[in-house]
Amino acid sequence: MLAELINPYYLQVASFILINIILGVSIYITLSTGQLSLANAGFMGIGAYTSALLTLNFDLPIIVGILAGTLLAGVFGILIGIPTLRLQGVYLAIVTLGFGEVIRVIFVNWESMTKGAVGLSGIPHMGRELLNTLKDFGFDPKILGLQNNQFVFLAIFLILLGVTISIIAFFRRQNRSRVGRAFAAIKLDEKAAESMGINITYYKVLAFAQGALVAGFAGALFAHVLAYISPADFAYHRAVEILIFAVFGGSEVIWGPVFGALFLTVMPEVLRFISEYRYMIYGLIIIIMMAVRPQGLIDVNILNWVKLKTPKRRQKHGTSSQKSI
Amino acid sequence: MLIEQLINGITLGSIYAIVALGFTLVFGVLGIINMAHGEIFMFGAFIGVVVTSTFKGPLWLAFLAAITVTAAMGYLLERFALRPLRNKQGVSHLAPLISTIGVSILLENLSHHIFGPGNHPFRASFAEISFQIGSITVYLVQIVIFVISVLLMYALSFWLGKTKAGKALRATAENLETASLLGVDVKRTITMTVIIASAMGGIAGILVGMAFNSVTPQMGLSIGLKGLAIIILGGMGNVKGAMAGGLILGLAETFVVVYGDSGYKDAIAFAAIIIILLIRPQGLFGQKISA
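As they're listed, the protein sequences go chains A and B.
Going letter by letter, the first sequence gives residues 16 to 340 in the working numbering.
Going letter by letter, the second sequence gives residues 31 to 321 in the working numbering.
Be a bit skeptical, because a hint or two may be false.
Unchecked claim - Calculated pairs, SDA-like style, for lysine to any residue (alpha carbon to alpha carbon, straight line, at most 25 Å):
(1) B:Lys-295 / A:Met-128
(2) B:Lys-118 / A:Leu-312
(3) B:Lys-118 / A:Lys-324
(4) B:Lys-118 / A:Val-315
(5) A:Lys-206 / B:Asn-117
(6) B:Lys-270 / A:Tyr-106
(7) A:Lys-202 / B:Gly-61
(8) B:Lys-86 / B:Ile-144
(9) B:Lys-86 / B:Leu-140
(10) A:Lys-322 / A:Phe-186
(11) B:Lys-86 / B:Lys-197
(12) A:Lys-202 / B:Asn-117
(13) A:Lys-202 / B:Arg-116
(14) A:Lys-324 / A:Ala-306
(15) B:Lys-118 / A:Leu-318
(16) B:Lys-118 / A:Arg-308
(17) B:Lys-295 / A:Ala-247
(18) B:Lys-118 / A:Val-307
(19) B:Lys-295 / A:Gly-131
(20) B:Lys-270 / A:Ala-200
(21) A:Lys-324 / A:Arg-191
(22) A:Lys-202 / B:His-123
(23) A:Lys-202 / B:Leu-115
(24) A:Lys-206 / B:Arg-310
(25) A:Lys-130 / B:Val-287
(26) B:Lys-86 / B:Ser-160
(27) B:Lys-295 / A:Lys-202
(28) A:Lys-130 / B:Tyr-294
(29) A:Lys-130 / B:Ile-298
(30) B:Lys-217 / A:Ala-306
(31) B:Lys-118 / A:Pro-309
(32) A:Lys-130 / B:Gly-164
(33) A:Lys-130 / B:Ala-301
(34) B:Lys-118 / B:Glu-204
To be verified - Here are the in silico distance ranges between beta carbons for each label pair:
(35) A:Ala-247 / B:Ile-173: 32 to 40 Å
(36) B:Gly-290 / A:Leu-86: 29 to 37 Å
(37) A:Asn-72 / B:Arg-109: 47 to 55 Å
(38) B:Thr-193 / A:Arg-293: 41 to 49 Å
(39) A:Asp-155 / B:Pro-151: 54 to 62 Å
(40) A:Ala-132 / B:Ser-160: 29 to 37 Å
These are calculated hints, taken from the structure and not from any lab test.
No experiment lies behind these values; they were computed from the predicted model shown.
Think of the CB as a built atom: it goes at the ideal place given N, C-alpha and C, for glycine as much as any other residue.
Bound conformation, chain A alone (with noise of 0.2 Å):
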């Protein structure tokens, strides 16, 4: 019966949809600081190089690569951020566009490490490294029911799904913290923050390499969960399909962009006839969310109202919660 369910396929579009959400959930970081950047696309071709490289050059295991690749983008996060912190607005944002289209031109002109447009292939997967591993301690799938690719895909989107949690988990307790108060004074007014006292260098360079660092990782994992990254992956149209998560879901509250990624990964699957017109509908959300509800679809008052009609919640909380509200 469980053996049934598990279909690889819908493993595999879940297992993307959770990269994306990482992906939606590094843009949003920035943004909660009113920066713009379209870089992550390239932080993202950073970590996912990366960690290929060494685990195809060194036979190093994945976890070390992945680690590598989220810290180099990380670091690369730092020596870009700390001068574009001059630029504001859509300064900062053509800095960070141009930025990501060098790293693909440098991707696809260092031939003698990254094979150039063709791409690298045969990455180790992580699903069935892991399989090996627990199989050289006697482990085999047939104990659970299921078979050997199931078991592959059903790992990959555990680990992964345990990852977005976390993720998740860490941004939003971030939220509530000195440093998210912190970005959000910068947003709502860069000025005002400074004079309350808040180092504002340090707090938008913390938010731009936290944004690198999160997309890095998601380039690490997609690389190994795909097998095969080739520059093409890294190019213009991620940035802005990174970019559409958050004007699409919202990027006030960190359920926007992960409501996004989710929807537009979802989207081209089960309506397949759209898939081939994926990129014009992309376009035509962008024009139309900015038209209409800029803030995204979801913001703070829909969050509040979903609070509201979720019964149990507000009795927990008694007479406390609707003060607050």
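Put chain B on the given structure of chain A with help from the hints.
Below, chain B without anything else, positioned relative to chain A:
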């Protein structure tokens, strides 16, 4: 050899300059970066291909058709992607940028469906005609491109500097509200600016089609990003800076192909963006910006 490359570079640069002028006009008046400009330019090139190759029409008709279509697209862009965002409460200053990114994605994929992917050759009837001056070969196409570019830049400078409409445009660029108080029809000026910028993009599209003899749906993105690099190089909203920036980038790219690694040709523009914005954010010819 050197002089031939110089001519190639100037030809390329003058096309870049026209693309950049479209960006700079819109930025100067509206203060927004029109990310869809590259795609409108690409549509202009495709209209040129359709008129000259499919219908075997003459070149002047191609120019006329491209200008008409791209001007209409400029109007639609202003009407549906930019106007709804203007004067609206609580809209972030990033909204117009994101909105035009949406238009660019839409147009790029639309042209994929209408014209198909891949390379479309652009045959100008005089593409093969060339002159020998001493040991130097000059193609007629290059001269045509250069002359049209110079004429266009001159016409634009004249229009901006000497006509009433140009004065209104400059006033609007200086301060939208004040211009409106002084009796400038701001709404009409803005619409006209976007239309003119788009039509110039259409002309540039045909010129690029003639210069490279190939038109693809992806060219909008790459040329658009280069136009962006140029206005940053020359200073945002600065007309003379855009021309100079275009020539600098055209020459730099040509000489990198000749003396360096042609693979990194496309990276020059972006590296230039990054370096300029970090060292001299107001651009080579710009005045100090107060963010």
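Could you work out which of the previously given hints the structure breaks and list their numbers from low to high?
3, 11, 14, 20, 27, 32
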